[in-house]
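Protein chains in written order, with the working numbering: chain A, 2 to 252; chain B, -2 to 411; chain C, 29 to 346; chain D, 37 to 461.
Heads up, a few of these hints could be off.
[To be verified] Which chain B residues stay away from chain C? Per the calculated CB distances, all over 12 Å, these:
| id | residue |
| --- | --- |
| 1 | Ala71 |
| 2 | Gly92 |
| 3 | Phe192 |
| 4 | Phe216 |
| 5 | Ala290 |
| 6 | Asn327 |
| 7 | Val391 |
| 8 | Thr404 |
[Unchecked claim] Ranges of calculated distance between the beta carbons of each label pair, as one might list FRET restraints:
| id | chain 1 | residue 1 | chain 2 | residue 2 | range |
| --- | --- | --- | --- | --- | --- |
| 9 | D | Arg371 | A | Ser150 | 25 to 35 Å |
| 10 | D | Trp414 | A | Tyr151 | 52 to 62 Å |
| 11 | D | Ile415 | C | Gly86 | 43 to 53 Å |
| 12 | C | Gln115 | A | Gly41 | 25 to 35 Å |
| 13 | D | Arg371 | C | Glu207 | 40 to 50 Å |
| 14 | B | Lys407 | D | Glu205 | 37 to 47 Å |
[As the list claims (entries may be wrong)] Residues from chain C that keep clear of chain B, each with C-beta distances beyond 12 Å, as calculated:
| id | residue |
| --- | --- |
| 15 | Trp88 |
| 16 | Tyr147 |
| 17 | Leu340 |
These aren't lab readings, by the way, just hints derived from the structure by calculation.
This structure is a prediction, so every number in the text was calculated from the model and none was measured.
Think of the CB as a built atom: it goes at the ideal place given N, C-alpha and C, for glycine as much as any other residue.
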Amino acid sequence: MTAALELNALTKSFGKTEIIRGVDLSIPKGERHAIIGPNGAGKSTLFNLITGRFPQTGGSIALHGADLAGKAPFEINRMGLSRSFQITNIFPKMTVFENVRCSLLWSMGYRYNFWSMVSRSPALTTGADAILEQINLTARRDLPAGVLSYAEQRALEIGITIAGGADVIMLDEPTAGMSHSETDYIVELIRTVTVGKTLIMVEHDMGVVFGLADRISVLVYGEIIATGTPEAVRADPRVQEAYLGAALEDH
Amino acid sequence: MRKSISLGVATALTLSVSAFAVAADTIKIAFIDPLSGPFAGTGVNGLHQYEFAAETLVNATGGVLDGDMFEIVAFDNKISPKESLIQLQVAIDQGIRFIAQGNSSGVANALTEAIDKHNRRNPDDRVLFLNYSAVDPALTNDKCNFWHFRFDANADIKMDALTDVMAADDSIKKVYIIGQDYSFGKAVSAAAVRFLGEKRPDIEIVGNELHPIGKVKDFTPYTRKIMAAEADAIITGNWGADMVGLGRSVLENGYTGPLYTYYAAADGITAAFGDAGVGSLKLVAEGQINPPANDRAAAYYEAFKAKYPDGNISQARITNVIEMLAKAINEAGTATDVVPIAYALEGMEHESIWGTSLKMREADHQIIQDVHIHAHTNDGVTFDYDNSGFGLLVDSTVTMAAADSPTSCKMRRP
Amino acid sequence: MDLILVNLIDGLVTGLLLFMLSAGLTLIFSMMGVLNFAHASFYMLGAYFAFQISLYLGFWMGLLIAPLIVGVLGAGVERYGLRRVHQYGHVPELIFTFGLALLIEEVVQFIWGKSQMAYSTPEVLQFTAFSIAGNAIPAYKIFMIFISIAIFIGLLWVLTRTRVGMIIQAALTYPKTVEALGHNVPLIFMGVFGVGTALAGVAGVIAGPVLGTFPGMAFVLGSIVFVTIVIGGLGSLWGALVASLLIGWITTFSKAYNLRMEDLLIALGFEKPDVIWDSPWRDLWSLTSPQIADILPYILMVLILIFRPHGLLGKRDA
Amino acid sequence: MSDQTATAPATRSALLPLAPWVLSALLLLVLPFIFTANSAITIMNQMAITIIFALAYNMLLGQGGMLSFGHAVYAGVGGFACVHIMNMDDFFATIPLPVLPIFGGLMGMGLAMIVGSFSTRKAGTVFAMISLGVGELIAACSVIIVVFFGGEEGISGDRTYGLPTFGVEFLQQIEVYYLIALWLMISAILMYLYSRTPLGRMANAVRDNPERAEFLGYSARWVRFYSFVASGFFAGIAGALFAINYEILTEENLNTTQSGIILLVTFLGGVGFFFGPIIGAIVFTLVQTVLSLQTELWGFYLGLIFVATVMFFPGGLAGLIMMHVPALRLGKLGRLGVPYLKTLGAGAVMALGGAALIEMIFHVRHASSGDHEMVLFWIAFDSHSILPWVIASLAAAVGYFIVRRTAPDLMEAWNDANTPDGGAS
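Only chain A is shown next, with the shape it has when bound in the complex (with noise of 0.2 Å):
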């Protein structure tokens, strides 16, 4: 069985700085992991690489077997990837309704449609509806997004992300910047939306990640120094040196 997610060799330089130094990475299908590692390590960029946001230097990236050089975002998300963004990411004149239904047109079929009414369809809206429903929204269903709340908008964001119904979803610091009982909603949420599904993570907070992940990879400097279940990462001598002794103390 393929991965979900294959990264071998990868790198990426700008200029003459390379920021991501031979990334190799196999994520299994329904597995959650996280990727974690101080500030500067490379995690945004190696997140911006897997979507197809920057081109890659070197080495290769793979998408259920399936190679994603040159590919735009737009086509990678319809080979099924699916990302959210570190800085809320989402359209903030349009109303949350809205917001999710945009999001499922694509995988619904519509495509570039401009002959039927996206009113007339019971399939969308019944299917934004059910994505409100898990995001816990519908009682905002129709204000416009952007005067929603830091956290509602973090969790708009993620029913945007999971709502065109892709298997793989990569989510960039989903708590970022929250407080501690928003922290534990999204965490909730992020657990029930992504039942059956292959999660990729970038977490600083590292209550999210062990609580979260199946599995952990630290990256350092553009590399990975260590992969493995929580346990085993917390219990590596090289993580704890490089990276966790530090993020402990900072807490």
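Dock chains B, C and D against chain A, hints included.
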């Protein structure tokens, strides 16, 4: 919302009608020309000449028919064909039967076709088109119709007269033709080539080119070509900023020969040339301003200047339009049915206040008149332009120019 | 050969004039992200103010005072107009300057009327500097060249040698960071806008007498200034210079020489139809380079945007 | 500020959304009976054409977030194509005139497909500058390619040579009016429905956040391309109707001035709402054709209104109207009546006084000397006597004073009207 605004249109329209409707017995002439935008200067000056002519030549002498007065109603067409057609419709709705327009042959083309169609489709309120300045030859040739009368000499006639004068000048061996890239510019160029070829086959046309209209910022490169071609004379149909730009550029860069033009006077152009134009700048046009043809003409001009100190009589033919229209209305005995008026205008002969005789040719509704070659000068100018001290002085005259010129017009009469 | 030299000088004058406009615009554009559609209108204001001043105090005082007034006006526009619109985003900003261009043209007509002004070169410069093969080069043109070059050098000096210039240069590339460093970015914006429009004013003062001072003068030049900075690359002063000269020379040479499409087509092996006036391709056959001279910059810009969106010397995407 | 996104709850009657359309259709039907003059009909035709064009333009600007400086060419080329069809005697005689706009639309669409293939790759400045460049190019071509564009004087045709439609030959303005009104309804409904389709919704999404849209599976570039092509189609229809109404097309239909005007119209009306451009087109046409009969300075006032709109009401006139919806929902709109009357009434006095001053300055400065008589607001007076100046200055000053005095009351009333009862202390 929409309704209340639309009601506003109605009120505004009716009010604007009533604002102009001073007396019951007025014969209204719609003046459709640019009154705003870049060509407003020319348009407003033309309007003043019309108003003054109507007041002085008709109303002050008792009007036409049983004392009906002329009234000029101004419509701003922003020199746009589309706006002209809208204003034409407004004018017709106000019961106006006479449409005067002159600036831009493009607008004249649009108007003459629209008026032809209107008169065919609405026999009850037909209108006449008094074209006082649009000189595209096509208007009295292929595109002629019964409702259109041209009071200016067309581009071909002017060129005919101009080349008569040029042909007599043995010092001219090489001619450069330059004009704006549109119908009128092309007509001037074609006529120049044709007439020079007929009258002076030995003259070499060393350059014949068109430049984009109203877009050239700096004419220096063209000037360099003209200088390189060693032209003895330049012919151009340019007007407005293109005329000033071209003229100043050639004169500044060392050209001293004659520059034959159609429109290099008044509306700021005379002032812009000033001293630089003396000796070179020539202009072909009807209407003699300097020296004044007679006392009546001088008095008329003086009275005009008294009323409009900043104005110029740059289109002497406007008096002809007013006088001939008045005469035709009197002959026809009606001011509402334009068909007999048109028949009266056809073939009409008239003595203008500028002391020349005019004939409205029946075949194509093109007026035949004297055409002068004027020189731009400050010497012996009684009436200057732009209050600049400079003005136009008649150099030579071609009497009844091109009276027997052919026309391709096939006039269909009602 | 002589003619080439003459045309090089003419093209240089056109190009440098364009540069004075585009230099200010490219600074404004790259700092504030505003495509200032009214930039050429400030150029027009410069010409009109200088004309009015020259009636009383002579040409030279006009050259001195008019750009200052234009600059102050420009700064005012930034302070009380643009800054307000800024909060709504870039498109309204652009539309604001577009409306401002319309308004300025109307105001100019309101005050000075619609005719061309009799604004002319100063008497001291009304002589022929030198002649090349019978082609006179007026002294005023030489004066224009010197003024433009002086301004370019001055601008370069300010930008590279002074503290203010350093801040501006930094703000060109990292506007957010500069603000974070505690510099008063709104004040810098206002200053740059004022200086940029004042430069346009200078261009107006010295171009007014040659190219004519009339209400349409801004419109004639209007969009070509954008074209210049887009071709040159946003935020690049050198790019603006290169593009200005390029456009100056391209348009001058294509007007000064009658390159005919007919020759090109025949050279390519096409056969000229016998009855050319009846052919649907007649307009193509009769095409000459002067006819298309003024649209060449637009063609160039579209090609650049398609194949090299950051312009000749620019570092950022347009 | 969301545009037409609020979907009607399923419980509401299905007929309610139809109400504005039915009312508009009825209004279009009866208007010619209220305004019978041919010139009024000509102005209404012009309005309807501008409405279609502005709506098409707003598909780009408002819904797609693309700022075009050369959109006139799509309408223009569509119109030119239609005039050429009118001049193909044999072919034109076989098609009824009301079908002609489809050809114009297809022509505009075809051109938009060509240009869009490279211009829609990026939004923002790149798109705007390419549109400007292409617009200038095609406008310049109009005087060079005489075969198609007819040079400066343009080309003209005769609409009446088409196949008679139920005996109607479109000789009269009123017949043309109903043809245009029919196409106005068809186009407006189609464009409205377009905004409700998946593609229409994604156009909004791409406008707000192209990157996010890409990660939803949509190529931002193709979404923009389709919006552009659809806009080109409806612009072409507007051009075709222009051809039918005026029977002539010239360079002015293509040039950048025309492109600028449609931008102005759309923004003035308000880009955020579907009906914004409609209001913009009506107001602009009135200013252009009716106000210009009254004053030479119409362009000045228009510029002033436009700049003021951009500065103070970026939502345009439609935004201004929709600002009152919350108060209306609260049932407290009535409370604004008196304060409005006070402030706006005084504001109107101030504006009229100011306008009178401007007109008088203009008259004194530019009228022929000795011509002291001027007509303003249908009153004739001597512009060189002191009295009118005093009156105008007084009106402006008093108006200004009252506006300043009453503005706080208005603000208070406004806040009150927008606060639910009991919510505020």
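- Message: Of all the hints numbered above, which does this structure not satisfy? Sort the numbers upward.
- Response: Violated hints: 4, 14, 16; rest satisfied.
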